[in-house]
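A.B. asks: When you get a sec, could you build the whole thing from the sequences and use the hints?
What follows is each chain in one-letter form.
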Amino acid sequence: MAWTDSRVFTQAVLNPLTASAWSTTEPTTYGANGLSADSLAVTLWNNSITPDRDAAVASTGYNTGQWASGANEQKDATNWPAGGASNLLASKTYTLGTSVVALDAADRAGNGNLTLANVFGCLVHDDTITAGTVAKQGLSFNYFGGSQAVTGGTFTIIWDATGVLKFTT
Amino acid sequence: MGALLLDTFIDWSCDHCYATDRTRPLPAHAARMHACPGLHGMIAPLVRAGTDCKVTLVERGDYLRDEETRTGDDGVPYMAVRTDYADGRNDLAVFAPVATFGVRRNKDWRSR
Chain A
1 MAWTDSRVFT QAVLNPLTAS AWSTTEPTTY GANGLSADSL AVTLWNNSIT
51 PDRDAAVAST GYNTGQWASG ANEQKDATNW PAGGASNLLA SKTYTLGTSV
101 VALDAADRAG NGNLTLANVF GCLVHDDTIT AGTVAKQGLS FNYFGGSQAV
151 TGGTFTIIWD ATGVLKFTT
Chain B
1 MGALLLDTFI DWSCDHCYAT DRTRPLPAHA ARMHACPGLH GMIAPLVRAG
51 TDCKVTLVER GDYLRDEETR TGDDGVPYMA VRTDYADGRN DLAVFAPVAT
101 FGVRRNKDWR SR
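Those protein sequence lines, which keep their order, are chains A and B.
When you line the first sequence up against the working numbering, it's residues 1 to 169, in that order.
When you line the second sequence up against the working numbering, it's residues 1 to 112, in that order.
Note that these hints are calculated values from the structure, not bench results.
Incorrect hints may appear among the rest.
Unchecked claim - Lysine-lysine pairs mimicking DSBU-like chemistry, simulated, CA-CA at most 35 Å apart: (1) LYS54(B) - LYS75(A); (2) LYS75(A) - LYS92(A); (3) LYS54(B) - LYS92(A).
Unchecked claim - Selected chain B positions facing chain A (in silico; Cβ < 7 Å): (4) LYS54; (5) GLY61; (6) ASP62; (7) GLU67; (8) THR69; (9) THR71; (10) ALA86; (11) ASN90; (12) LEU92; (13) VAL98; (14) VAL103.
Using N, Cα and C, we set each Cβ at its ideal position, and we do this for glycine too.
C.D. replies: What follows is the structure in structure tokens.
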């Protein structure tokens, strides 16, 4: 199946919704102040994986399930290192609109020139989470719409005008 | 004896519109973006004035389905803007769709 769309992980929503509505065990926490206080990282991936928004929580973290680091993560030792810890989302903002809650951030460029041949999408994960059912729990995956390649240049992600991820009712 | 203060700047321009800019030196990988009327209003990089390069939009390669992503003023969904340099290098800026999670009323559940 490979990539088909851009989704928020169901398990990333389970915590805040069910924590208020029912005594369901929370899969994780997003820090005392939610995503605003946590470090969100972005990693790049090829088309050999099949992102699943309904994956079990243990399979939604970076380096778990489909997101196991290795040949499928598209990385550069210096300018887009594995794990995304040096590619954090900056200037995060929260938007409340009509029937919409969105998280946005500044566009993300790598740290310098690099060569990547087969980038299809990215994983946005919470890099602050280091324990619990899964560390570095995934929040969303964003599909770029086709194969992307860069040779000796910069790779920049320009987020949609409505944000990195959003919840609609 | 007074010290000589050196001040340098970089000129930026766009081949598709009249946008220009002048900045102090930026990191090597830094880009100056603008909404380009010559590229259907899509966000595109300015390039250093005098650089031998070509900036082009790349149409989305897959079906749009229900993805929410940037489209040009021609209604076409574009997935990237690519800068090809004469020496074979290229820069790429991809337009990532927003990841969504919808909470909708379920008619079957509501009718019980």
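A.B. asks: Does each hint fit the structure? Answer for all of them.
C.D. replies: Going down the list of hints, with the structure as the test:
Under the criterion of a C-alpha separation no larger than 35 Å, the hint pairing LYS54(B) with LYS75(A) is consistent with the structure, at around 26 Å. A threshold of 35 Å between alpha carbons decides the hint, and for LYS75(A) with LYS92(A) the separation of about 23 Å falls inside it, so the pair holds. Distance hint between LYS54(B) and LYS92(A) is fulfilled; the C-alpha atoms sit about 32 Å from each other, no more than 35 Å. About 13 Å separates the beta-carbon of LYS54(B) from the nearest beta-carbon of chain A, more than 7 Å, and the hint is not met.
Hint on GLY61(B) holds. Least Cβ distance to chain A is approximately 3 Å, under the 7 Å limit. About 5 Å separates the beta-carbon of ASP62(B) from the nearest beta-carbon of chain A, less than 7 Å, and the hint is met. The beta carbon of GLU67(B) is positioned within 7 Å of a beta carbon in chain A (closest approach about 6 Å), and the interface hint is therefore held. Look at THR69(B): its Cβ gets to within about 6 Å of chain A, closer than 7 Å, so that hint holds up.
Interface restraint check for THR71(B): the shortest CB-CB distance to chain A comes to about 10 Å, outside 7 Å, so the restraint is violated. At its closest, the beta carbon of ALA86(B) sits 12 Å from a beta carbon of chain A; the interface hint therefore is violated under the 7 Å criterion. The beta carbon of ASN90(B) is positioned within 7 Å of a beta carbon in chain A (closest approach about 5 Å), and the interface hint is therefore held. The beta carbon of LEU92(B) comes within 4 Å of a beta carbon in chain A, closer than 7 Å, and the hint placing it at the interface holds.
With a cut of 7 Å, the hint placing VAL98(B) at the interface with chain A holds, because the nearest CB-to-CB distance is about 4 Å. Annotation: interface hint on VAL103(B) holds; nearest CB of chain A at approximately 5 Å, less than 7 Å.
When each numbered hint is compared with the structure, violations occur for hints 4, 9, 10.
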